[in-house]
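Sequences are here, hints too, so could you generate the full structure?
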Amino acid sequence: MTARYLAPGAGLLLSLMMAWPSSGDAKPELLDRIVAVIDEEVVLWSELTLRTQMDLEQQQRNPGYMTELQLQSEMQRVLDEMVDERVIVLKAQEDSVEVDNQQVEDMLGAEFSRIRDQMSELEFGTMLSRSGMSERQLKARYRKQIRHRLLYDQMVQKLAYSQFITRRQVDEFRSRFQTSLPARFSVSQINVKVTPDDAVREQTLERMATIQDLLAASQDFGEVAQAHSEDPGSADTGGSLGCFSTGTMIPEFERAASELLPGEVSDPVLTVFGYHLIQLHEKREDELCASHILLRVQSTGDDRDRALGVLRDLRQRAVDGEDFAQLARDHSQDPGSARQGGLWQVLERDLLPGIVEPHIRHLGLGDVSEPFVLETGAHILKINDDYSTLESLVREELVEVRMAEVITAFRELIHVEVRLEDEWLWDSTQTAEGGA
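Convert by adding 150 to the 1-based position in the sequence shown; the result is the number in the working numbering.
Each statement offered as a hint is correct.
Simulated restraints, written as ranges between beta carbons of each label pair:
1. D363 <-> K289: 50 to 60 Å
2. L524 <-> T316: 36 to 46 Å
3. R479 <-> E414: 31 to 41 Å
4. E273 <-> D455: 43 to 53 Å
5. S223 <-> A333: 13 to 23 Å
6. R318 <-> D517: 17 to 27 Å
7. I315 <-> A359: 52 to 62 Å
8. R479 <-> A260: 33 to 43 Å
9. D455 <-> D363: 31 to 41 Å
10. D473 <-> V192: 47 to 57 Å
11. E525 <-> V249: 41 to 51 Å
Simulated from the structure, these hints should not be mistaken for lab results. In this text, a Cβ means the ideal position worked out from N, Cα and C, and glycines have one as well.
Here it is as structure tokens:
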């Protein structure tokens with residue numbers, strides 16, 4: 151059993167509200183169908199389809215390209231997870247696990263505040279109308295989901311605290327995955343940008359200086375962008391990028407934009423796409439609204455080979471015994487991960503992003519990938535094998551086994567009924583797809 155309970159978040163609440171079609175979009179009775187009963191808890195068809203959709207998006211899989219059998223299998227897997235999660239919540243209640251009511255209300259209040267900030271009153275009212283619920287009813291539903299999430303987390307923590315991990319267990323784990331990846335693993339990176347040589351950049355900066363002169367002469371930023379920007383996606387709209395959430399743009403661009411005051415225009419900012427002039431329109435709590443003028447700086451095969459050569463040398467130094475974390479601090483050009491010794495993220499073996507999967511799928515603990523190039527530059531990745539990381543992975547593995555045992559035992563004591571095999575469900579799915 152993999153613990154992947156759907157965590158509360160701004161995107162989730164918005165998805166929940168959008169998941170209920172208006173009366174003209176779907177048959178109302180379909181939304182209330184029960185696909186599983188767990189004691190006094192139920193799982194609805196609408197909840198299952200939303201969860202499946204979000205899981206597929208996370209896996210970067212398009213349901214439109216899946217066969218009926220594949221989609222049914224995926225929905226069955228997701229439903230099994232949802233049933234297991236509710237069993238754990240019921241077990242937590244049985245064990246008198248408590249959650250802080252104030253924490254629930256604080257999380258609920260913060261969530262609705264974020265949603266209201268992102269929507270006008272009319273948009274929010276339309277969403278409520280589509281869901282068929284009042285704001286009070288929606289809050290009640292979401293409050294319950296937050297409470298369940300906190301109960302689930304406390305049960306996981308309770309089981310984790312009870313697991314004493316020995317060095318022998320860590321060594322056995324390391325030995326077991328010397329030539330393959332565990333179910334979850336930690337990855338560090340060293341990133342080297344693929345940048346054009348100095349002569350090409352100087353030529354582009356000279357062109358950008360001419361554009362800056364036009365702006366200094368009070369020409370409209372949007373008109374200059376339409377005439378000179380080399381970004382096909384925004385030039386026709388005067389360079390407008392609209393409003394974007396923090397963390398969605400590449401770091402160099404976002405950092406420069408965030409340092410501006412509304413109305414200000416940046417100096418040239420170099421990213422993997424070229425040089426930008428950025429005009430900030432509005433700065434919100436978690437959003438920036440901006441336009442830009444882009445002049446592309448074309449890199450060549452020689453530039454790519456130069457970056458790969460740097461990484462080949464760094465990889466060999468790591469293989470020869472130098473500390474990968476220190477190499478990342480000294481040489482990686484991704485500031486965020488470099489500060490943490492290259493620490494990048496935790497990945498799941500069965501949900502590897504397509505852009506990195508070919509480069510690490512054959513590795514084992516402690517291995518360093520060959521250099522490869524992505525849009526963000528050239529990279530090498532290390533599958534981390536330090537003791538503290540492996541200790542955490544061993545604990546996760548043991549907790550997962552213990553969770554499965556708890557679920558199996560408690561299911562024997564309660565009523566669990568799964569109704570996904572009902573023929574009408576798949577007929578409904580086909581009807582919905584056919585009418586899309």
